[in-house]
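Line by line, the protein sequences are chains A and B.
Count the first sequence with our numbering and you get residues 345 to 669, in order.
Count the second sequence with our numbering and you get residues 345 to 669, in order.
Hints were generated in silico from the structure; no laboratory data involved.
As the structure is a computational prediction, the values presented were derived from the model and not from experiment.
There may be inaccurate statements among the hints.
Heads up, the list lumps identical chains together, so a pair's fine if it works in one copy or across two of them.
What the hints assert, rightly or not - Listed next, the in silico EDC-like pairs over lysine to aspartate or glutamate satisfying Cα-Cα at most 16 Å (straight line):
1) Lys-506 with Glu-518
2) Lys-393 with Asp-601
3) Lys-506 with Asp-595
4) Lys-386 with Glu-647
5) Lys-667 with Glu-623
6) Lys-350 with Asp-548
7) Lys-506 with Asp-612
8) Lys-506 with Glu-649
9) Lys-388 with Glu-649
Protein chains: 2
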Amino acid sequence: MPSVDKLQKEVAGLLDGNIRSLSRLITLIESTPEILASIHPKIKDAEGKGHIIGITGPPGAGKSTLSSALATLIRESGRTVAILACDPSSPFTGGSVLGDRVRMQSHYTDPGVFIRSISNRGSGGGLSNSTYGITALLDAFGFDVILLETVGVGQTELDVMKTSDTVVVVIVPESGDSIQTMKAGLMEIADIFVVNKCDRVGADRMVRDVRSSLQLSDDYRGALPPIIKTKADSGDGISNLLHEIDTLHRDSVFSSDFDVKRSAMRLDILRSSALTEMEFVLDTILKRDNPENDPALVSLINEVELGQKDPITAAKALINMIKNK
Amino acid sequence: MPSVDKLQKEVAGLLDGNIRSLSRLITLIESTPEILASIHPKIKDAEGKGHIIGITGPPGAGKSTLSSALATLIRESGRTVAILACDPSSPFTGGSVLGDRVRMQSHYTDPGVFIRSISNRGSGGGLSNSTYGITALLDAFGFDVILLETVGVGQTELDVMKTSDTVVVVIVPESGDSIQTMKAGLMEIADIFVVNKCDRVGADRMVRDVRSSLQLSDDYRGALPPIIKTKADSGDGISNLLHEIDTLHRDSVFSSDFDVKRSAMRLDILRSSALTEMEFVLDTILKRDNPENDPALVSLINEVELGQKDPITAAKALINMIKNK
Numbered sequence: 345m346p347s348v349d350k351l352q353k354e355v356a357g358l359l360d361g362n363i364r365s366l367s368r369l370i371t372l373i374e375s376t377p378e379i380l381a382s383i384h385p386k387i388k389d390a391e392g393k394g395h396i397i398g399i400t401g402p403p404g405a406g407k408s409t410l411s412s413a414l415a416t417l418i419r420e421s422g423r424t425v426a427i428l429a430c431d432p433s434s435p436f437t438g439g440s441v442l443g444d445r446v447r448m449q450s451h452y453t454d455p456g457v458f459i460r461s462i463s464n465r466g467s468g469g470g471l472s473n474s475t476y477g478i479t480a481l482l483d484a485f486g487f488d489v490i491l492l493e494t495v496g497v498g499q500t501e502l503d504v505m506k507t508s509d510t511v512v513v514v515i516v517p518e519s520g521d522s523i524q525t526m527k528a529g530l531m532e533i534a535d536i537f538v539v540n541k542c543d544r545v546g547a548d549r550m551v552r553d554v555r556s557s558l559q560l561s562d563d564y565r566g567a568l569p570p571i572i573k574t575k576a577d578s579g580d581g582i583s584n585l586l587h588e589i590d591t592l593h594r595d596s597v598f599s600s601d602f603d604v605k606r607s608a609m610r611l612d613i614l615r616s617s618a619l620t621e622m623e624f625v626l627d628t629i630l631k632r633d634n635p636e637n638d639p640a641l642v643s644l645i646n647e648v649e650l651g652q653k654d655p656i657t658a659a660k661a662l663i664n665m666i667k668n669k
Numbered sequence: 345m346p347s348v349d350k351l352q353k354e355v356a357g358l359l360d361g362n363i364r365s366l367s368r369l370i371t372l373i374e375s376t377p378e379i380l381a382s383i384h385p386k387i388k389d390a391e392g393k394g395h396i397i398g399i400t401g402p403p404g405a406g407k408s409t410l411s412s413a414l415a416t417l418i419r420e421s422g423r424t425v426a427i428l429a430c431d432p433s434s435p436f437t438g439g440s441v442l443g444d445r446v447r448m449q450s451h452y453t454d455p456g457v458f459i460r461s462i463s464n465r466g467s468g469g470g471l472s473n474s475t476y477g478i479t480a481l482l483d484a485f486g487f488d489v490i491l492l493e494t495v496g497v498g499q500t501e502l503d504v505m506k507t508s509d510t511v512v513v514v515i516v517p518e519s520g521d522s523i524q525t526m527k528a529g530l531m532e533i534a535d536i537f538v539v540n541k542c543d544r545v546g547a548d549r550m551v552r553d554v555r556s557s558l559q560l561s562d563d564y565r566g567a568l569p570p571i572i573k574t575k576a577d578s579g580d581g582i583s584n585l586l587h588e589i590d591t592l593h594r595d596s597v598f599s600s601d602f603d604v605k606r607s608a609m610r611l612d613i614l615r616s617s618a619l620t621e622m623e624f625v626l627d628t629i630l631k632r633d634n635p636e637n638d639p640a641l642v643s644l645i646n647e648v649e650l651g652q653k654d655p656i657t658a659a660k661a662l663i664n665m666i667k668n669k
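With the sequences and hints as input, model every part of the structure.
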């Protein structure tokens with residue numbers, strides 16, 4: 345934990361456009377998400393101007409190439425862009441992300457593009473907590489667009505996507521299980537669907553499949569989200585995609601949907617962060633060798649273990665013990 | 345909620361081998377998992393004799409056909425069997441399960457086979473809570489084997505599998521994403537792998553892929569779980585599978601691993617049930633129109649919404665408010 349003085353100096357640096365201060369603050373939040381408590385009051389007034397675009401989808405859909413192609417076009421439109429790649433798996437399995445980072449070095453010499461990968465160092469909600477903090481830093485620093493990219497479609501990735509203003513779900517023609525996957529939460533969060541690698545066999549069929557799944561879904565009673573075909577490695581369809589993203593965002597800001605969404609996002613992060621904290625409290629209590637556990641709790645746990653008390657009823661008793669502690 | 349007298353009568357019926365009492369109690373627990381609190385003390389001494397076998401895997405792997413084939417062989421060995429199919433998706437999308445149930449009517453005239461489907465009527469941990477209660481009923485009723493089957497491999501299904509003594513993970517040669525899927529938790533819970541539809545192209549390759557994934561995994565430093573090829577619709581490989589299941593179970597009971605596993609399972613259900621309960625408490629508090637909310641809480645939520653307080657820090661404050669309530 346850095347000293348308060350040091351932290352204030354870095355925050356002042358960040359607000360002054362110092363990229364090294366930004367980098368150091370990101371590293372701090374990645375390892376200790378709670379540090380946001382000291383930083384947030386200083387940056388909150390600079391926040392809320394950047395457009396946070398989430399990019400998610402199954403592994404191998406080409407999300408990283410797509411981010412890179414989007415970044416190029418965003419730069420051409422005169423805006424600055426930060427790419428934050430989130431990998432919930434351990435650093436040891438993060439090989440492909442590293443490889444993708446190398447490809448992104450096409451932006452390396454452009455100071456208007458900032459690229460950073462973060463992985464899940466903490467437990468449970470750690471990644472979504474630190475992602476929230478880091479996007480807040482990038483936003484306050486002044487990036488016009490923040491691309492938030494995940495490597496897969498697990499629960500953690502979906503949680504990370506909640507930090508975005510606009511969510512782009514990327515699939516490929518051969519994503520056989522993608523319709524199945526979408527049921528698991530992707531469909532509800534998508535503002536735009538992208539069928540990438542659209543030169544491959546089955547691209548049009550995939551577009552139709554997505555459309556009919558969306559039409560059957562209860563979540564879209566009004567307008568369906570756009571479904572856009574791209575070929576990220578050649579850049580085909582990317583300007584069309586960016587146009588849709590910008591249009592949705594402009595409409596959202598214009599109709600003040602933007603503020604409503606941001607408020608909902610903050611409440612959602614409050615909720616998931618509180619749940620993570622509760623999980624931590626629970627696991628501390630369930631640790632057998634916790635010296636603070638009182639005898640009633642120890643005997644409750646023993647009864648459950650031996651099958652003398654059913655775990656569902658015991659859970660309610662446990663909650664009451666925690667509340668009255 | 346039935347009267348206490350009525351409930352006691354049904355429980356007495358269940359312990360007396362009355363299948364209608366069993367059915368009615370299952371219906372009660374499915375809609376109101378908490379009712380287990382009144383039932384458990386009466387049935388706990390009859391519990392712990394049945395062998396609970398979990399069967400899970402991606403959609404389309406043939407789990408239902410496999411359960412049916414296993415049930416036939418289990419009956420031939422003189423044992424009774426209950427099949428409990430759990431579908432966490434809504435009843436409206438549960439078409440395939442219904443179809444599979446029809447196929448299972450081959451056991452319809454055999455009183456030694458009991459078949460029941462349950463879906464997720466409640467929220468969050470509802471299905472795993474009611475599954476626990478229902479397997480306890482089936483166990484206390486006296487079924488020798490309880491086959492617990494899920495339709496997919498989401499988090500809910502994994503939670504349901506925790507109720508099992510032996511977990512069988514079923515995949516098919518064309519499960520292209522299966523190795524990927526396994527990373528998401530299947531690998532850690534599998535006691536036995538089945539490559540079903542093993543007459544299809546790629547079956548042997550899938551066996552090798554699973555084996556090498558297992559060998560690379562940190563979870564199996566000792567013996568690898570068996571990988572068995574089956575063709576459930578013709579019955580090929582099923583007796584081999586049942587033999588492995590029975591052998592593992594016998595070894596487990598003999599080495600008292602069984603009791604250790606059951607204790608761990610009960611603690612795990614205590615934990616997940618407590619988490620579900622906490623989530624409920626949290627969501628009640630976060631409801632804006634909850635008249636019991638005090639002003640400090642309301643203003644905390646407002647500050648988060650407006651971006652004046654960061655949600656991570658607010659979450660900690662919220663937990664303290666809940667604790668001190």
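Within, between, both or neither: Lys-506, Glu-649 at alpha-carbon 16 Å: between (38 Å within a copy, 14 Å between copies)
For the identical chains here, do Lys-667 and Glu-623 meet the 16 Å Cα criterion within one copy, between copies, both, or neither? both (14 Å within a copy, 14 Å between copies)
If the cutoff is 16 Å on CA atoms, where do Lys-386 and Glu-647 land: within, between, both or neither? Let me know, please. Cα proximity of Lys-386 and Glu-647: across copies only (15 Å, versus 50 Å in one copy).
Could you figure out if Lys-506 and Glu-518 sit no more than 16 Å apart (CA to CA) within one copy, between two copies, both or neither? Neither, since 26 Å and 33 Å both go past 16 Å.
With 16 Å as the alpha-carbon cut-off, assign the pair Lys-393 and Asp-601 to within, between, both or neither. Answer is within; shortest intra-copy Cα gap is 14 Å, inter-copy 58 Å.
Check Lys-506 against Asp-612 for me: Cα-Cα at most 16 Å, and say if that holds within a copy, between copies, both or neither. within (8 Å within a copy, 28 Å between copies)
For Lys-350 vs Asp-548, is the C-alpha pair at or below 16 Å within one copy, between two copies, both, or neither? Classified as neither; 55 Å inside a copy, 59 Å across copies.
Intra- versus inter-subunit Cα pairing at 16 Å for Lys-506 with Asp-595: Neither: 19 Å inside a chain and 47 Å across chains, both beyond 16 Å.
Tell me, please, which holds for Lys-388 and Glu-649 at an alpha-carbon limit of 16 Å: within, between, both or neither? between (48 Å within a copy, 12 Å between copies)
The structure does not agree with the numbered hints 1, 3, 6 stated previously, though it agrees with the rest.
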